[in-house]
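Asks: So the chains spell out like this:
There are 2 protein chains.
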Amino acid sequence: MSKGMPRAVVFVKNAEQVSDIVKRLNKEKVPYIARGAGTGLSGGATPFGGEVIISLVRMKKMLHIDLENRKAVVEPGYVNLKLTQSISDKGYYYAPDPSSQYACTIGGNVAENAGGAHCLKYGVTTNHILGLEVVLPSGEIIEISKDGIPDQPGYDLLGILTGSEGTLGIVTKIIVKVLKNPQAKKTVLAYYDDIQDASQAVSEIISAGIIPAALEMMDAIAIEGVESAAYPVGHPRDIAAFLLIEVDGIEAGIDDQINEILTVCKNNHVREVKVAKDEAERALWWANRKMGFGAMGAISPDYLVQDGVIPRTRLPEVLANIAAISAKYELRIANIFHAGDGNLHPLILFDATIPGESERASKAGSECLKACADAGGSITGEHGVGIEKSAEMRFIFSEQEMAAQTDIRAVFNPEDLLNPGKLFPTPGRCVEIRDKDLVPVKGT
Amino acid sequence: MSKGMPRAVVFVKNAEQVSDIVKRLNKEKVPYIARGAGTGLSGGATPFGGEVIISLVRMKKMLHIDLENRKAVVEPGYVNLKLTQSISDKGYYYAPDPSSQYACTIGGNVAENAGGAHCLKYGVTTNHILGLEVVLPSGEIIEISKDGIPDQPGYDLLGILTGSEGTLGIVTKIIVKVLKNPQAKKTVLAYYDDIQDASQAVSEIISAGIIPAALEMMDAIAIEGVESAAYPVGHPRDIAAFLLIEVDGIEAGIDDQINEILTVCKNNHVREVKVAKDEAERALWWANRKMGFGAMGAISPDYLVQDGVIPRTRLPEVLANIAAISAKYELRIANIFHAGDGNLHPLILFDATIPGESERASKAGSECLKACADAGGSITGEHGVGIEKSAEMRFIFSEQEMAAQTDIRAVFNPEDLLNPGKLFPTPGRCVEIRDKDLVPVKGT
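Protein chains in written order, with my numbering: chain D, 3 to 446; chain R, 3 to 446.
Next up, chain D with everything else stripped away, as it sits in the complex (with noise of 0.2 angstroms):
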């Protein structure tokens, strides 16, 4: 493991206090890494050894909420699905719903620019930030469009700092769009005997117009370990993926649409297609779903969570190269995605205790990447680079690229003291780290 002790834990309770240790950390030269939960996939808020955790738990507190202008104001331990239950008896979400939403933060959503089952439609975190308090590496404390009033002029402050994986900022407050509910919801399940008539399901989907809420696609080995795991639905276990649609929006339009989605699903060979009978059936079908990547421990002992993007006119051709790194590798890979939008989830099971295995998924999962890579994709949706990919990056950015990148990131982070070695592949430290290591993730 490329992992590292801290050297200390601080836990701090507002900006002036990130801010003060910041500048004393500063003054001592010892790097530090902001963190959240510790849900993230890539290793953004790991340590190598050596590094000051400052610890955002327990600035949880939402601050503000004015659901007339539609936003609310929380600290950025603040857990991501806490927002949608403490507004949804007055009709109000907040849309970003990765799988960990339960513990995530809304912190640690902002670093890694998380997104989640709902992204097709509502799109990934940085569309529903509106304003950021950050503590700079410098130790000043700045606010970014502080009112919540987007489009602001000037240099885009908010995407740059949205997504940058905790290397240029600490955010201590956040400003984020909330959304009414949806007046209308239904959902589909659909499932396939081939998984390339469910690749073309999807692609006729978008083709007809609609903008489902989300359009997830599951594998036969995925299916093996949801039905294994705490809430099993009874999908027939010899299919060979099952499509997850939902629909959303005004009441009236959505019968017509589901129609449209079930004509789709009919015209490309399904062997079954249901829509939920009520709101039980469709939590269940979720739980069941987001229930994936930890459900992977059931049938394996260890697993490697990949997340790469592709176009979707690709999805067979991709897929088609999966299937072929895991018999190189002799290696099982299930596929759980976000299908609408291109973003692939190999998960590579392996077994660490047999030498060997680690290095063998390690590769495998750089290959998966190569492979959307090489589609005119890309090697994360929204899990981050982290440690993990950071060697990856070289897969679609030129040096030149990158080079703009991290001259910005010295323009924040001149010392390189704020969560160094993530990222971007750094000569002797993450590069060095990721040729030997892996960060594999345990089954629960």
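FYI, nobody ran anything at the bench for these hints, they're computed from the structure.
Any given hint might turn out to be false.
Stated by the list, open to error - Dumping the calculated DSS-like pairs for lysine-lysine here, alpha-carbon to alpha-carbon at most 30 angstroms:
(1) R:K84 / R:K29
(2) D:K179 / R:K73
(3) R:K372 / R:K123
(4) R:K92 / R:K148
(5) R:K123 / D:K84
(6) D:K182 / R:K123
(7) R:K123 / D:K123
(8) D:K123 / R:K29
(9) D:K73 / R:K372
(10) D:K372 / D:K5
(11) R:K73 / R:K84
(12) R:K92 / D:K123
(13) D:K268 / R:K73
(14) R:K188 / D:K188
(15) R:K148 / R:K187
What you are looking at is a predicted structure, and each value in this text was computed from that prediction instead of being measured.
Starting from the structure of chain D, add chain R where the hints point.
Replies: Positioned in the frame of chain D, the structure of chain R alone reads:
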């Protein structure tokens, strides 16, 4: 006028020519400005004098269209409206629709992060850009998200370039999203005797959970203008304001939304409200609205367009402040605005031949922006800062917050040869000019 003569104008045909000229100008330390159609409203492409203009108007081709993956690749000089015109027969369109869309170029739209009447529902230009090719001030050519896959890892270079007003690089290729035409749209026109009632109706429509495709307001002076221009609708001359409200989406949902909008309008003392009876009437209403700025030329020798943003709920209060500014400076101020997203356009009418009137208009404009900033808003929603509003950046940014931005500029543009003096207050350059001049827009 703060305008000056450029040293030369260079018409380029491709990125390599841009790179070549930029490298030569660097060597000679000659400042330069990229320019598209020159329709911008804040002077971003206007020379102070002595700069070389790099004109992109000959780079006007559509390079590639991929409707299956919903994207188009265009050169920067490609005219905004041409994109929609070229794909509308296949059922697609490009969403950002500035009123100048018949003339403005997509490269200029990227530089200014241009908006339009439909950005309430669809977002501004930055929400529609998938990738860019950019010539940096070093002369290097970089590609950002070259296959148009969004949510790339690393820092959000796409976001920081978009809306950077031509100060970070010269865009030479743009990948944009194209959208499927909505199945149906309907448009409502509502006449009000009291602008407070109209404002309240705006708030209630949004509160009802409807997101109209557009929600526009024009006040009595603006109506006087458009009724004197090329596309009179026959609006009553004695109303306080009208609302132009458009909904689009799935056919089945439209009528319910329209009925809800009509109910809200009636509950707020509307004098008359009607639905466009056919596409011809709808088109006329929009032509009339989109003439708004130019039409001021029919009722005033000169006018100054301003562009501020406020939280939607502060509309009545800010309108009252603008009325007070009008009285103070003894200048008529028309108001045309994207009411749904709180983006105001006060149009200050003046006569530049009357001594002192230009200066009064300039001061009145600045005070309108101060009123927006004081209400928790911003000094520009979609027109940019350019020359015109660089002094007003201080209304919303602290010195630290501006330094964070000018430090980023220095990374890309260390010699400050690319579009110098724009966007940020530069001591001794634009502030000084700002105090004695203004950029009036001549009526057409």
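Asks: Each hint needs a verdict: does it hold in this structure or not?
Replies: Hint by hint, here is what the structure shows:
For the proposed pair K84 (chain R) and K29 (chain R), the alpha carbon gap of about 37 angstroms is over 30 angstroms, so the pair is violated. Among the hinted pairs, K179 (chain D) with K73 (chain R) is consistent with the structure: their alpha-carbon atoms are about 27 angstroms apart, no more than 30 angstroms. With a C-alpha separation of about 27 angstroms, the suggested pair K372 (chain R) and K123 (chain R) falls inside the 30 angstroms cut-off, and the hint holds. With a C-alpha separation of about 25 angstroms, the suggested pairing of K92 (chain R) with K148 (chain R) holds against the 30 angstroms cut-off.
For the hint linking K123 (chain R) to K84 (chain D), the alpha-carbon distance of about 27 angstroms falls within 30 angstroms, and the restraint holds. Annotation: proposed proximity of K182 (chain D) to K123 (chain R) holds, straight-line Cα distance about 14 angstroms (limit 30 angstroms). In summary, the hint linking K123 (chain R) to K123 (chain D) is supported, as the alpha carbons are separated by about 13 angstroms, within the 30 angstroms threshold. Proposed proximity of K123 (chain D) and K29 (chain R) is contradicted: the alpha carbons are some 48 angstroms apart, above 30 angstroms.
Between K73 (chain D) and K372 (chain R) the CA atoms are separated by roughly 23 angstroms; this keeps the pair inside 30 angstroms, and the hint holds. A threshold of 30 angstroms between alpha carbons decides the hint, and for K372 (chain D) with K5 (chain D) the separation of about 25 angstroms falls inside it, so the pair holds. A distance of roughly 15 angstroms separates the Cα atoms of K73 (chain R) and K84 (chain R); the hinted pair therefore holds under the 30 angstroms criterion. A distance of roughly 22 angstroms separates the Cα atoms of K92 (chain R) and K123 (chain D); the hinted pair therefore holds under the 30 angstroms criterion.
With a C-alpha separation of about 28 angstroms, the suggested pair K268 (chain D) and K73 (chain R) falls inside the 30 angstroms cut-off, and the hint holds. Between K188 (chain R) and K188 (chain D), the direct Cα distance comes to roughly 25 angstroms. Compliance with the 30 angstroms bound is thereby established for this hinted pair. About 34 angstroms separates the Cα atoms of K148 (chain R) and K187 (chain R), which puts this hinted pair outside 30 angstroms; it is violated.
This entry does not satisfy hints 1, 8, 15, going by the numbered hints stated previously.
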